[in-house]
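J.: Line order of the protein sequences matches chains P and U.
Residue numbers 1280 to 1560, in the working numbering, belong to the letters of the first sequence in order.
Residue numbers 495 to 824, in the working numbering, belong to the letters of the second sequence in order.
Please keep in mind that the hints were generated in silico from the structure rather than gathered at the bench.
It is possible that part of the hints are untrue.
Here are some, though not all, of the chain U residues that point toward chain P, as calculated from beta-carbon distances under 8 Å [said to hold, decoys possible]:
(1) V598
(2) G627
(3) A808
(4) C809
Glycine included, every Cβ here is placed at the ideal spot set by N, Cα and C.
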Amino acid sequence: MIVSRGLYLRRRLTNGAFITLSIGAALFGLIWLAFILSALLSEGIAALSPILFTHSTPPPGQPGGLLNAIIGSVLMSMLAVGLGTPIGLFAGTYLAEYGKHTSFAFIVRFVNDILLSAPSIVTGLFIYEIVVLPMGHFSAWAGTLSLMVIVIPVVVRTTENMLILVPNGLREAASALGAPMSFVIRSVTWKAAQAGIVTGVLLAIARISGETAPLLFTALNNQFLTTDLNAPMASLPAVIFQYALSPYADWHRLAWAGALLVTAAVLLLSIIARVLETKRN
Amino acid sequence: MADIALNEDATANRDTRAETTRRAGRGDARFHLLTWMAAAAVLLIFVGVIISLVIGSIPAFKAFGFAFLKSSAWDPTSNLFGGLPSIFGTLVTSTLAMLLAVPVGIGVAIFLTELCPRPLRRPIGIAIELLAGIPSIIYGIWGLFVFAPWFQAHVQQPVIDGTSGIPLIGTLFGGAPYGIGIFSAGLILSIMILPFISAVTRDVFETVPAMLKEATYGLGCTTWEVMWSVVLPYARSGVIGGAMLALGRALGETMAVTFVIGNAHTIAPSLFAPGTTISATIANEFTEATGALYTSSLIFLGLILFFITFIVLACAQWMLLTLERQAGAK
Chain P
1280 MIVSRGLYLR
1290 RRLTNGAFIT
1300 LSIGAALFGL
1310 IWLAFILSAL
1320 LSEGIAALSP
1330 ILFTHSTPPP
1340 GQPGGLLNAI
1350 IGSVLMSMLA
1360 VGLGTPIGLF
1370 AGTYLAEYGK
1380 HTSFAFIVRF
1390 VNDILLSAPS
1400 IVTGLFIYEI
1410 VVLPMGHFSA
1420 WAGTLSLMVI
1430 VIPVVVRTTE
1440 NMLILVPNGL
1450 REAASALGAP
1460 MSFVIRSVTW
1470 KAAQAGIVTG
1480 VLLAIARISG
1490 ETAPLLFTAL
1500 NNQFLTTDLN
1510 APMASLPAVI
1520 FQYALSPYAD
1530 WHRLAWAGAL
1540 LVTAAVLLLS
1550 IIARVLETKR
1560 N
Chain U
495 MADIALNEDA
505 TANRDTRAET
515 TRRAGRGDAR
525 FHLLTWMAAA
535 AVLLIFVGVI
545 ISLVIGSIPA
555 FKAFGFAFLK
565 SSAWDPTSNL
575 FGGLPSIFGT
585 LVTSTLAMLL
595 AVPVGIGVAI
605 FLTELCPRPL
615 RRPIGIAIEL
625 LAGIPSIIYG
635 IWGLFVFAPW
645 FQAHVQQPVI
655 DGTSGIPLIG
665 TLFGGAPYGI
675 GIFSAGLILS
685 IMILPFISAV
695 TRDVFETVPA
705 MLKEATYGLG
715 CTTWEVMWSV
725 VLPYARSGVI
735 GGAMLALGRA
745 LGETMAVTFV
755 IGNAHTIAPS
765 LFAPGTTISA
775 TIANEFTEAT
785 GALYTSSLIF
795 LGLILFFITF
805 IVLACAQWML
815 LTLERQAGAK
């Protein structure tokens, strides 16, 4: 038997180069993650102080915090999730339980997946056109609605995915006992898919917590603390955007503190969602 | 007497039972309608987005027509607007991001499915996915304050010095080292979309039957040969679908780009020069836009962006759907 040494060597070398490149690719990703998180931690922790949570955003040169932005973000996110979750839950239920393979369900599924990845700035323009222009001014309601438009597709997608995983035997057993379909869905299928649906909602909250683009020309920003939903309202991402691009060093510090808070919140939500998911499996 | 009473009882029973069934039926129909309305609402949002953008961009379209797509003018004081620099910037930054992220993303997926020691798989996979969890504004502030100065001093300066004088490449990397610019935006975008590509690719790789891989290994093939000749061809449409999905993200990404692109309505031959993208233009100028034509031009840009991403995302879905059908057929 003739073994070509050259060929053998070449194959081994190609393989070696390929393995090195793959490991390099993974390192490439991890290095950027470390780079970003370390900068965020060192700059953010240096800027953390109790005043962040007790005072509103200051004019340049004066001490201040992020209270109005934190409250604005929490308020608008909660409202958006509160309004968007039922719509997403019902629509996802329709796709998984009623629509299934009908062409209407197919179109809704397709459109939903487009909305899921569509540029969020376009969402902002949409809400500007249908809410801000008719109202004549920027408002927290407009911000809430544009976040809601982002929440709905996320909840629809996870709800449908989770409901499909529920074994048909469960539905059949409940129906055989004489339960009407809506009762089966509410008391059996939803229950079985509960953890997955909650995961989807958490992911939706994580997603909108850092959203900036749709808020810029809907909720705008506000120097002062307000809970009036008809007035412009501050949010953490919008404040980070404004302050980071300003020329003042103390505003930069506040932007970093805000960035740390947003990232911590988002990562915490993702971790909780992941733990729930693992539990389900 | 007793007989009659019994009969009456049975009738009453039958009535309530029928009533209950009817009530349940009505509740059922109501619930069905409710879920249908929610599904229709999703459709309505989508149609609403298109209609509102079209209506909003009518004044700009009347003023400039399709020449808007070819014009580089951006002069708010004399009400002249053209979308070319923004469209150019969007396409170039996304292309750069894809050129970097697709090979690296596939590399990460290969590492995680084939090479990584089992106990490290989960932590490294989660770490890469964290990159997708970080909000885009964080990439923006990091890009502006940390990445751009570092990039300017340690990468741009040496590259500009090293390539000056070489035709073509010298122009591509010419100019002053600003730190911010088209290239920085593309690089940061590539980091942001990397996890999308690697996650989808990894999922698709896991659908490749182990038997196929084992057979190829059994023939004496190296890991590279197995991946290149068996796994990648098998997973092709899924990988392309995942990449298109990531491209859709890159095209519409706003905050990270707005911070580091430099916001210049110019088309420069150098990748290190500042530029702008559709989303960055809208984010920067929308609230300050005075005059109906200015606002309408920005909405027109938004419509163009939505159109481009729609095409890309629709292709991605079609690819992934084909894959699902394939998997379902087996």
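J.: Let me make sure I understand: some of the numbered hints might not hold for this structure. Which ones are they, in numerical order?
T.: 4
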